[in-house]
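Each protein sequence line maps, in turn, to chains A and B.
By the working numbering, the letter at position 45 of the first sequence is numbered 45, and the numbering carries on one by one without gaps.
By the working numbering, the letter at position 210 of the second sequence is numbered 263, and the numbering carries on one by one without gaps.
No lab work stands behind these hints, which were simulated from the structure alone.
Because the structure is a prediction, the values reported are computed rather than measured.
In this text, a Cβ means the ideal position worked out from N, Cα and C, and glycines have one as well.
Hints are supplied without guarantee of correctness; some may be wrong.
[As the list claims (entries may be wrong)] Here are some of the chain B residues that sit facing chain A, going by a computed Cβ distance under 10 Å:
id	residue
1	Leu94
2	Pro97
3	Ser99
4	Gln102
5	Arg104
6	Val108
7	Ala110
8	Phe133
9	Asp134
10	Val135
11	Pro136
12	Glu139
13	Glu150
14	Ser152
15	Gly203
16	Leu206
[As the list claims (entries may be wrong)] Sample of chain B residues lacking proximity to chain A, with all beta carbon distances greater than 10 Å (derived):
id	residue
17	Leu169
18	Asp189
19	Phe353
20	Asp441
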Amino acid sequence: MPPHPENTERDTPAEPATKAPWHPPAMEEVEYSTTEAAGSGATYDLTVYTGSV
Amino acid sequence: MPRTTSRSTPAASSRNGAGDDPVLLRSERAHLRRDGDDAFLVRPRSRSQHRLNPVAAAIVDGVAAPTTRSQLIERVVAAFDVPRDECAAAVDRYLTELSALGVVERRDRPARDHALRRRYLDLLKRALVNLVYPEDTLRLQLARAGELTGDDLADSRLLRDARYERAAAYREVVAARVDGSVDRFGSALLAHTMVGLSGLDNLERCAARVFADRVPGDFLEAGVCHGGASIFLRALQVAYGEEDRATWLADTFSGVPKPSHPADAGLDLSEERVPWMAAGLDAVRDNFATYDLLSDGVRFLPGLFADTLPTAPVERLAILRIDGDLYESTRDVLTALYDRVSPGGWVIVDDYGYLEPCRRAVDEFLAERGLDVELHAVDFTRVCWRKDG
Numbered sequence: 001m002p003p004h005p006e007n008t009e010r011d012t013p014a015e016p017a018t019k020a021p022w023h024p025p026a027m028e029e030v031e032y033s034t035t036e037a038a039g040s041g042a043t044y045d046l047t048v049y050t051g052s053v
Numbered sequence: 054m055p056r057t058t059s060r061s062t063p064a065a066s067s068r069n070g071a072g073d074d075p076v077l078l079r080s081e082r083a084h085l086r087r088d089g090d091d092a093f094l095v096r097p098r099s100r101s102q103h104r105l106n107p108v109a110a111a112i113v114d115g116v117a118a119p120t121t122r123s124q125l126i127e128r129v130v131a132a133f134d135v136p137r138d139e140c141a142a143a144v145d146r147y148l149t150e151l152s153a154l155g156v157v158e159r160r161d162r163p164a165r166d167h168a169l170r171r172r173y174l175d176l177l178k179r180a181l182v183n184l185v186y187p188e189d190t191l192r193l194q195l196a197r198a199g200e201l202t203g204d205d206l207a208d209s210r211l212l213r214d215a216r217y218e219r220a221a222a223y224r225e226v227v228a229a230r231v232d233g234s235v236d237r238f239g240s241a242l243l244a245h246t247m248v249g250l251s252g253l254d255n256l257e258r259c260a261a262r263v264f265a266d267r268v269p270g271d272f273l274e275a276g277v278c279h280g281g282a283s284i285f286l287r288a289l290q291v292a293y294g295e296e297d298r299a300t301w302l303a304d305t306f307s308g309v310p311k312p313s314h315p316a317d318a319g320l321d322l323s324e325e326r327v328p329w330m331a332a333g334l335d336a337v338r339d340n341f342a343t344y345d346l347l348s349d350g351v352r353f354l355p356g357l358f359a360d361t362l363p364t365a366p367v368e369r370l371a372i373l374r375i376d377g378d379l380y381e382s383t384r385d386v387l388t389a390l391y392d393r394v395s396p397g398g399w400v401i402v403d404d405y406g407y408l409e410p411c412r413r414a415v416d417e418f419l420a421e422r423g424l425d426v427e428l429h430a431v432d433f434t435r436v437c438w439r440k441d442g
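Here chain B stands alone, though its shape is the one from the complex (with noise of 0.2 Å):
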């Protein structure tokens, strides 16, 4: 079946913006689960897990980012060999089956200019997850496993096909951007942010949802690494309009703290072990100035999250993502933030199915505070939930 990252938006059809074609928003109950060429739809709080075959794998991933009915049928149609009139009538059955199983959301029809910020941050998403140039993950791993051989012309022509000549691992280094897991060739080195399309997408539907509802507040991510899901939460400000909020990162823009606590105890990712995995504030900044996406409605709270946050002006939260890593430093953002999210706002944990010591925190955070919360996964690891009024 065709990867799903051919997420090419079509143009939009005459349909576009009409009363019959809304914008459809995967719920947060469920979420699409890959295992090699398998896809499964998977909602947890119904523990139910559904096999799908490729088009319904290719739907229900075309709704994980709000997407006009219109747009999906093209989509589907492009990447399928059916006939357009009998494509739509499926994927309306389709979708009426997923809307009955509570998957699929249907919101307004869109704004006049959905399908040019459906492409904008389609793309944006591609090239802050790398999934613009790949390849070049393998072409690295080429050089340092030392298989150039010095021929100009035989190097170069590996070098040029590197996706096909190593069409395993190529399909490896795409799905791990897809869901943003870690691979055996480091692809999220090169990319400047880890979460996967996956989490950006998580990211659109939280903040579509927030600025559909006017829950107000900023967005906040404590723990940026080299900047990319905060980058792509500002995208969404700008596209959607809502540059008034800020987008704010807390960092200590040297990378992930020594362990101190003792559940942390084992759990060292500090620079001097993981050096890809610190991005120093230049840096982060230079990332935001690559993609145009550096104003004063962005603003950084360097340091500990123990020093900075208790006292940072932070008013009110719309989205809170957490990507501490540690235990302390999850502890650290819930305590000092939470009170700040406004009710109907989103909080993000990007390491609760990923690291233990992180889950921990949060499962004891939520426990002392006596919050019933309706805890979604996002993906292999990402767990979401909207904070109620």
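Chain A with its partners taken away, still in its complex shape (with noise of 0.2 Å):
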């Protein structure tokens, strides 16, 4: 397997491992968009599809 490109470069190191900063558990509506799977009539999130053999 020839090396991929983005793997032959230095990565920044990790920071050292710390406690996340804290704020109080949030969540904000955002445009959905999906794909209708063929045949059953089911919604599936296509949106996230994203793999490749």
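Hints given; two lone chains; assemble the complex.
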């Protein structure tokens, strides 16, 4: 397997492990887009489909 | 934000087991999607998507597996700089909000051994998806890419610190092991399962409901690869005291068959093309033995699904997990086994979003049977549904 170009570069070292800053849990509604799964009429969130074989 | 792979299960608090410390469990109608540093709560049936801040994401991720309120609070306190009382109040408020959206289910108070079971299953998940030593993927890649210099001292330091010296690559590997996707480094190669924490969490949620609702039947995985998901299914039976149920493994144990149906044209995942997706029966048995989970309750059905499943001595199933990749394989499983799934049982399909032939097989089967099921997205590819009575 040839090296992936991005994997031959040195990455920035990770920050030391510390607790993350606190903010009360919050969420905001954002636009949702879907692709109708053929046949079943079921809605499947294909916006998260990112894979490839 | 801290990766929520740090699913440290804290020691049970004094509240554990109390009536105000219910077991929390995420609904199948919602899943957590990550996109870089962003996290989203996705509810496909409601066509709704929310962007979560890091604390909200940690809470939604924290209820991916059955977790008590006190365990959830301990986990958030461990990750974020907040006093416990302030955290508890905020978590309670957010859980109320999530419950109103139907995202969180509350189950009866936990069994006395809940905390220990939580620890065992969480550790097992991390081992199965290779989140215990994920940097080994990077070490292998460093060697294959010729990045070792031959200087023993320098190479040893690079290999020792691979996690930090290749931090971005490390994060990518971890992210893939969380959601069961494919990274650039082939980290799935070094894991006993490719389904990721998201897939194993889904199995646990389904099993917990099956056990609680006394849904009869065994568990069966069709298409097991190295056996990791099946190992976890057996572990669930053991950990919940449901060992009378069997775990069945159906597979060629020689890799994905070459495509022969027109619907599978071009989808060759056979051993000749993807050798790491093929595991022999002995290797899978050895993997079970590695986790000390090989027993008479683990039963193997070697051969093509079309040959083994129609006559398999499986009477009833409470969980049917399908991971056959191909259209023909998926159809063969559904045709042979769907009627043996108990009412209230769960059907899980691994490749629905990832592989169009698999999706087509499922959609056609449901349409031909006139089945109106509520299809839940587990993650970027996996779906499940509960069979109605």
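Hint check, failures only = Failing hints, ascending: 14, 15 and 16.
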